[in-house]
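Trainee: Using the sequences and the hints, build the whole thing.
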Amino acid sequence: MRAGRLTASVAGIIALTLTAAGCGLSGGSSGGDSTAGGCKVDKGNVGSGKLTGDVKGQITFQTTNLKKDFGDFFNGVITSFEKAHPGAKVKWIDDPGDNTFTQRTVADAQACTLPDVINVNAETATALTKAGYLLDLGVKDPDVAKPFVPAFWKTSTYPDASGKAIHTTLPWYTGGVLLTYNKDLLTKAGIDPAKPPTSIFGLFADYEKIARSAKGKYFATMANPVWRIPGDFDQMDIRTLSADGRSAVFADDPRTTQWVAWMAKLYKEGAMPKDSLSSSNDPSTLYSQGKVAYGSTNPSFVRFVKQNSPTVYARTAVGQQPYDALGRASAGAPQYISVAATSKHAPVALAFAEYLTDAENQTAWCKDPNVVIFPTTSASLNDPFFQNVTGSDPFSQARKLVADQLKTADTNQTNLSPAVQNAIVAQVQLAMQGKKSPAQAVKDAQAKANELLKQAG
Amino acid sequence: MVATETVKPVSVPGAEGTASAPGTAPSRLRRFGRAVLPGPAPGANGAALYRRWWLPWLWTAPAIVCAVVFGVFPFLNTVLLSFTDAKPLGGAASFVGLDNYTRMLGDSDFWLATRNSILYAIVVVPLMVLLPLMLAVLVEKNLPGIGFFRSAFYTPVLASSVVVGLSWQWLLADDGLVNTWLEKAHLIRSAVPFLSDSWLILFSAMGLTLWKGLGWYMIFYLAALGNVPKELHEAAQMDGAGTVRRFWHITMPGVRQAMMLVGTLTGIGSLRVFTEIYMLGSSTGGPGGADRTLPFYIRDVGLDPLTGNAGYGSAVSVALFALTLGLTLLAQRLTKEDEA
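Protein chains in written order, with the working numbering: chain A, 1 to 457; chain B, 1001 to 1340.
Don't read these hints as lab results, they were simulated from the structure.
Any given hint could turn out to be false.
[To be verified] Over 12 Å on every C-beta distance to chain B, these chain A residues come out as not near it, computed from the model:
#1 D42
#2 D95
#3 D143
#4 A145
#5 P196
#6 R239
#7 T297
#8 A314
#9 D358
#10 A359
#11 F385
#12 S396
#13 A439
#14 A441
#15 D444
[Unchecked claim] Now the in silico label distances, taken between C-beta atoms and shown as ranges:
#16 B:Q1257 - A:K215: 53 to 61 Å
#17 B:N1142 - A:N308: 41 to 49 Å
#18 A:Q440 - B:L1119: 21 to 29 Å
#19 A:K268 - B:V1157: 39 to 47 Å
#20 B:I1188 - A:A165: 51 to 59 Å
#21 B:L1098 - A:G327: 45 to 53 Å
#22 A:Q440 - B:T1102: 26 to 34 Å
#23 B:S1190 - A:D252: 46 to 54 Å
#24 A:F201 - B:F1203: 36 to 44 Å
#25 A:S48 - B:F1095: 31 to 39 Å
#26 B:L1261 - A:L326: 55 to 63 Å
[As the list claims (entries may be wrong)] Incomplete in silico selection of chain A near chain B, CB under 10 Å:
#27 Q58
#28 T105
#29 L277
#30 A419
#31 L452
In this text, a Cβ means the ideal position worked out from N, Cα and C, and glycines have one as well.
Mentor: Below, the structure is given as C-alpha cells:
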C-alpha cells in the first residue's frame, strides 16, 4: 500500500516535470493572429503593410542603466508623450545592462514578455532580429527614416531568419570614436601631435616609436586586442564575415596577418604592458598616471581625464580617428531603440519609439551636462551646441570632431558574437606571446570562428 | 470582559482539533480542522493514530515544488536538450541522437576545459579542507582580541567576487604589490607574469578561491570543534601528546564529518568555477583561452545568443554533472573505506 502511494507520488512528480520540460522545449504563448518568434501576435505587427491603429493603451519601455542619472529627463519625455497622446500610458523600467543582458533579453523574448519599447545594442538587436522578435520598422512606418543621418540609417540593419537585411532598430545615440593622446609622450618619441595618423598601420608605427623611446618606463597602448577586433578590420575594410554572415573570411585578406604581426611585434617590443594581454584593456588608470600615451577612443574619456587628472589633461590632445581604407568614420557602438513584434499595443510602442528618438528629444538629452553622447539625427548634429564649439580645450575639440565625423559616419561595425570574437582574440593573444606565427594564428582563428558559426546554422 | 469557554482536557495527543467542549458549538476553525487535519487512521496506534499518509507530502510540497521547478525540471530539460541541436534563441530543435556527445569526445577545447576543472578540484579541495581547519584551531581559543582575527578572516567571504577579482588583479599586476615586494626582497629580477602566463593565471585563480573560501569554511569547523570533547585533549596532554599529535589523533577524527562536508561542497564548487577565471583571464579565459574551465566552455559554446548551440552546451553540462557526481561518490567511498 505504502509502496503504491510512493510510486504514485513519484510518478506524479515525474509527470509534472516532463510536462514542464515539454513546455520548455516548445515555448510560445496563446492569443493573437500571427506568429513572431515563438509567440502569437497581432496580424498587423508582422508581414508587409504599414502599422495602423489607435495610439491607446499601456506599454513598457526599457532602458539600460539610465534611471539613476537621467530619471528627470526620461520622466519628462514620458509625461509629454502621454500628454500628446491621451489614452497612452508608458511604464518605464531600467535594466542594469550587465554582460548577461543579451541572454536575459533573449529569454524574455522566448517567454513572449519582451518590453514593448526596448533599448538594445547591436549584439542584442542581431539576436532578436534573427529570431523575429522585433518589429520591421522600415516596413511598419515607411517615413521612420526621415530624421536620421542617412548613412547611419542605411547601415542600421540586421539579417532576419532568411538573411535579408531589415530595419528593426532606430539609431539613438553614440559615444563617438577619436584618438586621445598625451602630447608630451608623443613629442618625446618624435611624433608630431598635430598630425595624427590616417591609417591603422600608421598608428601602429607611432606605437613602435613610443616603445623605443619609452624603454619600458611607459607604454603606447594596452595589449588585449578585444577592443580592436573587429573594429580595426572594419576600418581597414577587411571583411571579417561573408556576406551572409555564416562564415569567417578575414584570413583570406593578407592584411589580417600583417595586422597580427604588428600586434605581436608591438607586444614583444614593449609598446604594451605585458600583464594587459588578457586582463583589462581599459587604459584610463594608466593614462591618468601618465604611463600610457594613448587613451580610450571616446570623448567621455577626455572628460574623465579632465575631472580626475588635471595635470595629464593639460598635456592631452585629441585627433581624428584613422579613416584608413574605409575612408570615413566608424560610429563606435551606437545604442538603438527597438519595438517588440510581440507588443499588444504596437501603435503606441512605435509612436513612443519615434518620439523618443526624434531630433528634439535627442538634442535635449545630449545637452545634459551629465552625459557625453552624440545624436543620430541630422537636425541634432547641426545644433549650435555641436557646431559652435569655441573652446580650444581637448574636451571642446573632441565634441566638434565627433559631431563633424558623424554626419558621414555609418554603423559599419561587423556584429560578431562574443564567442566568435573571443575565439579570434584568443588566437591573436597566442601570436602576441610568440606561441604561434601570425599566419598560423590567423588561420586557426578563422577555423575556430567557422566552427562556432557552423554550429549556429 | 471577554466570555471564556471551558475546554475539556483531551488526553489523546493530536485530538485537540477534533474535540469540542460539551455544551459549546464547534467553531468554524474546528470544523475546518476536522475536515483537513488528520483523524485516526484505521489500524494505527500511538502517534501514527492521527496521521494521514499524505500529510508529510503536504508539509513538504513547497520544497518539492521548488526542487522540481528549479532543480529536477532544468536537469531533465538539459538532458533532453543534449540530444538535440537546440539554439539559445529557440526555434525548432531536431533530435540528433548522440552527435553532441560524439563531437564532445573529439573536441580538444572540451578536454582542455575538463583538465583545468579537474586540476582546479585536485588542488583546491585538499587545501580547502585543511587550511580552514587549521585556521579554526588557531582562532578557537577565547583569547583577548580574537574576535578581530575571526572577523578579519571572514571578511573576504562578504566581499563580492568581482571586487575581490579586481583587487587581485591590482595585487598581481606586473607593477602590483606582490611583484613589488618580491623585487624589493631581491627574490626576482623581472616581474612574475601572474596575469599573462596561462598556468600562473590558473593557479592565481585557485589562490583567489582559497582566500575567499577560508573564512566561510572556518565557521563550519569552529562549530564542529565545539563538539570535540575537551577531556580527550586534556587526557592526551597528560599522557604527553604534543600539539601536532593531538591535532592528528583527536581534532581531525572529531571533525571528520565536517571535513567530509567541506570536501564535497568544495569539490562541487571547484568544478563550477567561473568568476575567478573571468576576472583574472578576462572574457577569453586567459591568453589563447588556455584557462577555460567547463562552465566557461559551456558559456562559449552553448549560451552565446548568436552562435551558441544549446544542445552541445547541454551535453557538456551533462558531462560536468557526471564528473561532479563521480568525484563526489568517489570521495564518499574513500571516506567510508577509511572509516572501515
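Trainee: So which hints don't hold here, by number, going up?
Mentor: 14, 15, 23 and 27
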